[in-house]
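Student: What follows is each chain in one-letter form.
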Amino acid sequence: MKEETQGVDLGLRKFIKELGFITGGTSLLATAPWLSSCTPEKLEEIKSEKKARVAVIGTGSRGQYHIHNLKNIPHAELVALCDIYQPNLETALALCPGAKTYTDYRRLLEDKDIDGVIITTPLHLHAPITLDALSAGKHVFCEKAMARTIEECRAVYDAYTKTDKVLYFCMQRMYDEKYIKAMQLIGAGLIGDIVGMRCHWFRNADWRRPVPSPELERHINWRLYKEYSGGLMTELGTHQIEVCNWATHMIPTTICGQGGIVHWKDGREVYDSVNVSYRYSDGRIITYESLISNKFNGMEEQILGSKGTIDLAKGVYYLEEDNMISGMRQLLDQVKTGVFAAIPTAGPSWKPELKSAYVPHPVVEGGFSVVGGESMIGAAQDGSDAILSAFCQSCITGEKAKDVVEEAYYSTVLCLLGNTAMEENRVITFPEEYKIPYMKF
Amino acid sequence: MQTETEYIREQRLFHGMVPRVMGTKLELMTVGTEEDVARNTWNEICADAERLDSMLNRFSPESEISKINAMHGCDRLKISSELLDILRLSIDYWYRTEGLFDITRGRMTELSLTDEGLLTISSPELTLDFGGIAKGYLQARTEAKLRRSGAECAFVDFGNSAILAIGHHPFGDSWRVSLPNPYNGAILDEFQIRDRALSTSGNTPGYTGHIVHPLTGKANVERKIVSVTDRSALDAEVLSTALMIADEGQRLRIGRSFPAAQIKTYHL
Ligand SMILES: NC(=O)c1ccc[n+]([C@@H]2O[C@H](COP(=O)([O-])OP(=O)(O)OC[C@H]3O[C@@H](n4cnc5c(N)ncnc54)[C@H](O)[C@@H]3O)[C@@H](O)[C@H]2O)c1
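Residue numbers (the working numbering), protein chains in the order written: chain U, 1 to 441; chain Y, 1001 to 1268.
Don't read these hints as lab results, they were simulated from the structure.
Just so it is clear, the structure is predicted and the values come from calculations on it, not from any experiment.
Just so you know, not all the hints are guaranteed correct.
[Stated by the list, open to error] Some chain Y residues judged to face chain U by a derived CB distance under 8 Å, without partners named:
id: 1; residue: Leu1013
id: 2; residue: Glu1027
id: 3; residue: Leu1087
id: 4; residue: Phe1155
id: 5; residue: Gly1159
id: 6; residue: Ile1163
id: 7; residue: His1169
id: 8; residue: Gly1172
id: 9; residue: Arg1176
id: 10; residue: Val1177
id: 11; residue: Leu1179
id: 12; residue: Leu1198
id: 13; residue: Ser1201
id: 14; residue: Thr1204
Ideal Cβ placement from N, Cα and C applies to all residues, glycine included.
Build out the structure end to end from the sequences listed, making use of the hints.
Tutor: Here you go:
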């Protein structure tokens, strides 16, 4: 019999195994506790059990992306699809011909043969469908952001604390090897104390999709209208604010910012340029920027430390004290301690105090990532496959993934507060009634 | 000039550092030299570096080079005797590298020196740039000073790209230096050098296109590094730059005219 070794997230599981081996697992669990529900050992235990029967609600571009990934998850079976827009439902059905189809998600939720649902609808439907699905007894995997409003976020979080069902939000960076490794390096003191964060996402594209007939404009280009979308903050910012909180183990207390529609004046309602700053109670600041009419700066998530900088998105780090100084330092230490070894000092000319003089070091052995952040659907192997696989595993075991909902909750609420700060042009203090028992402020 | 020094008596270990000179950092370590000798030598080296920097720095309007460049041509100009030496060396290297090492960026034929050492520049567009030789020149003078001081174990690191190893590591028979790949940090090679200079040229992720082919005017942007070890720090410095832009035939011919040089090219 052929062993089932295929799997999209094999890389991550192998990584968990290696890290567990090297560090005894403690450091890994401190860095990414949610991984404890999807260890290779636990996957082994469910091998003989029946597969997770899952359904996709909202079979647009992200839904179809997950359908492709599901095919490579051995412990998952895609049994049903739901969409109110026929062309997308048909395209998705062509990818998995055996699946049942629904046009009303409520009917789908009545289907007893479904263990879990994957929600990939526009943002305004995340909360209603998630709440309905949990009360229908389904496990839920919902796309980020958590919800369209902070009230809805709170309602979803409260429902989560009462349910025995599992709930995931697709914060794929939490399952991306290079992010986890980087967080471990930060935890180990590689870049010293975290002193600030600079995240940005720049593209040069209008964010529009072609519309076959005018009455479909709002349905298809939902991202551009406030009724359905929180704009750049919820679509892009959530991922980046999440990693900042993950790195600092804190939640910011004050928020201010400015935004506007600078270039794409095409009737859209959401800003095409945002600049928000988040301040933690100890004074540290996240500077967040997104602009979609200039892509020069690309996508970066810089964690700035007193001894170095990690760009999480690229998977590289830079040290304030460059190789050369440390080369001579090493040599001095050698002479003082009687050691004779090579020092890594040769190289093209070193320029002091310039950004360009910093030498990039890969976070994960084997080089740098080339994710540019230009795709609206998602990059390959960015953790999305691994988190989906972890969800399917949870559908079988019933084991929740620690902290995933909490991370999604705070990053979404912070992004929504960022929108309010920009729209009302005021400094916002994180509201008491939206604090949940997770991390400190 | 700002410098930092330390001396540890037990090992007779001296370390000196200038954080910024000639656009980079200069560090010296000697082992086995008495403190006063080590410090005097270091002070001489620093004074030398400062003087050369103020003579050859194109970006300082006060430097001799800037004044010449600002004339946009000159006729039988008297220049300082040291600049004349460096100019003569540079012309000599231009011949020996088939024109690839060129302080005039392709206009060498518009420059001439009389027997008495007077400089004529016939084109207003010709500017002089000694960036490719200055570090090697300073290294050569540094080596002479260290030898005169009796140093038997000394290591000079001039911005990583120019390294000078005198004698050997106190606990080994040479000095061992490795070359990291600037694109990913992986070690590309290791050198064991003794009484030799090691010069490295190339592009890095943050600093690319600084070597320009004098004949085509094109900046070299290859992901490539050239390392040269040689008894002469000057030869090593000039060669590593010229060979970044040499074609295969030039590489072989130029290599033959520098028989003491060991040349390595890395495509990254
Ligand atoms: N995690 C990531 O990196 C990532 C990447 C891309 C998109 N997303 C998220 O995925 C979600 C979907 O984005 P998209 O680009 O696929 O949008 P899309 O417009 O391509 O797809 C949304 C689909 O939902 C369907 N839909 C709308 N209302 C519905 C309803 N009541 N019932 C069933 N289906 C309904 C639409 O017809 C459409 O097919 C968004 O929340 C987005 O933020 C996340």
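Student: Among the hints numbered above, which are violated by the structure, and what are their numbers in rising order?
Tutor: 3
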